[in-house]
Structures are given as structure tokens and as C-alpha cells.
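Undergrad: Each chain is listed here by its residues.
Number of protein chains: 2
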Amino acid sequence: MRVSELVERSGVSLTSIKFYLREGLLKPGEASSATQANYTEEHVRRLALIRALTDVVGLSISKAAEVIRLIEQPKDDLFLTLGAAIGALPPYDDGDDASGRSHEFPLARAALEQMGQVYDADYPAVRQLDRALAAAAAAGYPAEAERLEHYGRHVRSIAEYDIANLPDGSTQQAIEYAVLGTALYEPVIAALRRLAHQDIALHRLTHPLGGDDEHLVQG
Amino acid sequence: MRVSELVERSGVSLTSIKFYLREGLLKPGEASSATQANYTEEHVRRLALIRALTDVVGLSISKAAEVIRLIEQPKDDLFLTLGAAIGALPPYDDGDDASGRSHEFPLARAALEQMGQVYDADYPAVRQLDRALAAAAAAGYPAEAERLEHYGRHVRSIAEYDIANLPDGSTQQAIEYAVLGTALYEPVIAALRRLAHQDIALHRLTHPLGGDDEHLVQG
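Line by line, the protein sequences give chains A and B. Following our numbering, the numbering of the first sequence begins with 7 at its first residue and continues without gaps. Following our numbering, the numbering of the second sequence begins with 7 at its first residue and continues without gaps.
If we strip away everything but chain A, and leave its shape as in the complex, we get (with noise of 0.2 Å):
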């Protein structure tokens, strides 16, 4: 197809397609003649990828850049190439004490002994898990344990059945599959929790539980 075809198809703009074949992150079509490109299929489905890792995701075009650059030029293993890919996910380092950064990540560390999961501070979710918990508990909501464990089993859960699902075919479809599905259903597992405290707090509005929550029912 020609590119006015893949704007409409994709519903990307010729400026962010221009924007993004620029940058590497979509491959130039067959050229057609000296001033004309033939798009496929690949490159729609290319530029939803795109989009859904910057829009949806919230990527930075170089981090999308470098998760797509994983799916296509994968590393010698799934796990090289998925703590990469992971690596490319906020939250992010400061890189303001890049000089004397500390590879002791003491709440991941904690939470993970609690749990009875592996630790290898080397894999980039420590780091992050790290982040994530220092983060709640200085703004005055730190993880209690059975918070974490609570969490935990049903994350783990969750877990399960994303690796029980792993694509039988290529270690290249494999590798696609882990990333994109580790990056991708983050927002919905988000949206899915914002939305079931909706539905919660509704029930509890309208049934409260005893007459001590008759403060609750709505008047």
C-alpha cells in the first residue's frame, strides 16, 4: 500500500510515521519508484505496537525503540533479552549517583525472602521493585508484609498463567510474547484494579456490611 493507505489504515500521521522511519523504529517500505514506498501489512501492525508503547505504555521513543529492537534482534536467551526489555520499563534509575550506585536492594531483598522467591540483584525488577517500595514508604505508605504477601499470591497468580501460556512455536515468538506481554497488559492489570475499587466501594456503598456501616448507605 502506498503511505497515504497506511496513515489511514494505522491512524498515524505522515508526520509520525516520517517522525518514526527516521528514527529506526519503522522500517522503510519497498521503494516503488524514485519518490514512492510500498507499506505492508508489518508496518500496521508495526505502528500499533509503537503506539501502544508510547501512549498506552508511556514510553519514551527511545524506550520503545530499544523494546523493539529486543523483539527483533533478540539476545542469546529469553531472559537476557525479557531483564533487557524489562530494563526499558520505569521506573527508571535517577542516574544522578551513577558514580557510587548501590547493588544492595534491601526492600526487593526483603519482600522477595518473604515471598520465597529467587533475589539476583542483577535483574532489573529488583531494582525497580526497590524503587517502588522506597517510593510508597517515604511518601508514608510503606508495603506491611501482609500487604506484600497478599499482593504477592495473587500477582504470582497472574504470573502463572501468562508462562503457561507461552507460544509453543520460535524462541523468537517466545521472546515477543514475554515482552510484549509483560509490557503491554501492565495498563490493563492497572485499569482492571482502578476499576474493581470502583465496583467494590460501589457494593459497599449500597450493602454495607452491618449496622456499624450503616454510615456508609448513601442518603
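None of these hints come from the bench; they were simulated from the model.
List time: in silico DMTMM-like cross-link candidates among lysine to aspartate or glutamate, alpha-carbon distance up to 20 Å:
#	chain 1	residue 1	chain 2	residue 2
1	A	LYS69	B	ASP61
2	A	LYS24	A	GLU47
3	B	LYS69	A	ASP61
4	B	LYS24	B	GLU48
5	B	LYS81	B	ASP128
6	A	LYS33	A	GLU78
Every value quoted in this text rests on a predicted model; they were computed, and no experiment measured them.
Got chain A sorted already, so can you dock chain B onto it with the hints?
TA: Relative to the frame of chain A, chain B by itself:
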């Protein structure tokens, strides 16, 4: 304390503190002379909250300011305030279809109906779920009914824990807990899932489930 001590205690640079004061995210200290002001523990905690919302949750300064304003001057009830705060969290609207924006969210509606939950098109998380599901589908990973059922059940259990632990105190406290608990714990949940993937995959690699999985054993 003087501003130099606030810098030291919070780990936030003087330049950033001045910026947050100018943008109204941080209240001025109490003037102690023409050129000096006194800061309190409240300022230390507020700086931690600003950094948590920007660096860890990943909000822009203006979105972080929106969330903080809602905690300081909540709307009439918890729902309106929480809804408004959720509107300041990603994923955001493109904004380029502002005129004819749809108020129907078919993917979110189907998911919520499947889960037996309230569908209220005006609640911002509905649009966010719809966008997240559409993005996953467009990138080639649509959410199957079984996946949604599994995710939904476990996310709901997490949300039930959150609501069961809503503080008994003032409405102001409940609103702060709801808003910050939603925003600050999303990165924790995301990191826990990334780490559960690692832990489960490691166990699967070293303890294959059966003869057919033997090729998964590390050589």
C-alpha cells in the same frame, strides 16, 4: 529547618525545590527573615511524594500537581476525587479527536460485563481499560476471555484487600489513602509480576514438568 537541611534530608536538589515552589507543588516555608524560610517534616514528606509520583509512577509535573491538589482540596466525596485522580494517571487520551470523541468503550464494556462489574462510561478508568485492551489487540495480543477472567479475579482480590484497609479516620485520610494507594502501588504490582515471571521461569527451567519439556533444561 533551613532549605539547606531540606535539601540534605530529602535528597532533592535546591534547583528542583525552587522549581516545585514556583510550580505550586510545594508550599513556601515560613519566612524567618527577609531571605530565609523555615521548612518542616511536612515539606520533607511532600518532596518524597512529588518524587514518587514523577520518578516512580512516571507522571509529568502537571499531572503530579493535579493529584496533589486533589489530596489537598478533595472534591465532595471519595468517588469524585478518586475518579479525578485516576484521570491524571496514564493511559491518557490522544486529544486529537476531541471534537467527535466516542463515549462508548466496547472492549471495556465487554470485559466488565464478563466480570459482572459496573460499567460507567464516565468513570475515567473505563476509557483507560478500553485503550489498554485496544492497544494490546492492535499489537497482536488481544485479551482472550479466559485471560481476562483470570486477571480480573486476582486483581479483584487485591482491590478487596485495598478497600478492606481503608483508614477509619477522616474522609480526608480515606481520600489520600485511595488516591496514593492507587498510584503508588501500581509500580509495585508491575515489578512483582516481572519478578514472578523470572522466578517461575527459573523453576520451570531447572524442574521441567515432564519428558516433553526436557529441551527446556539448561545444558
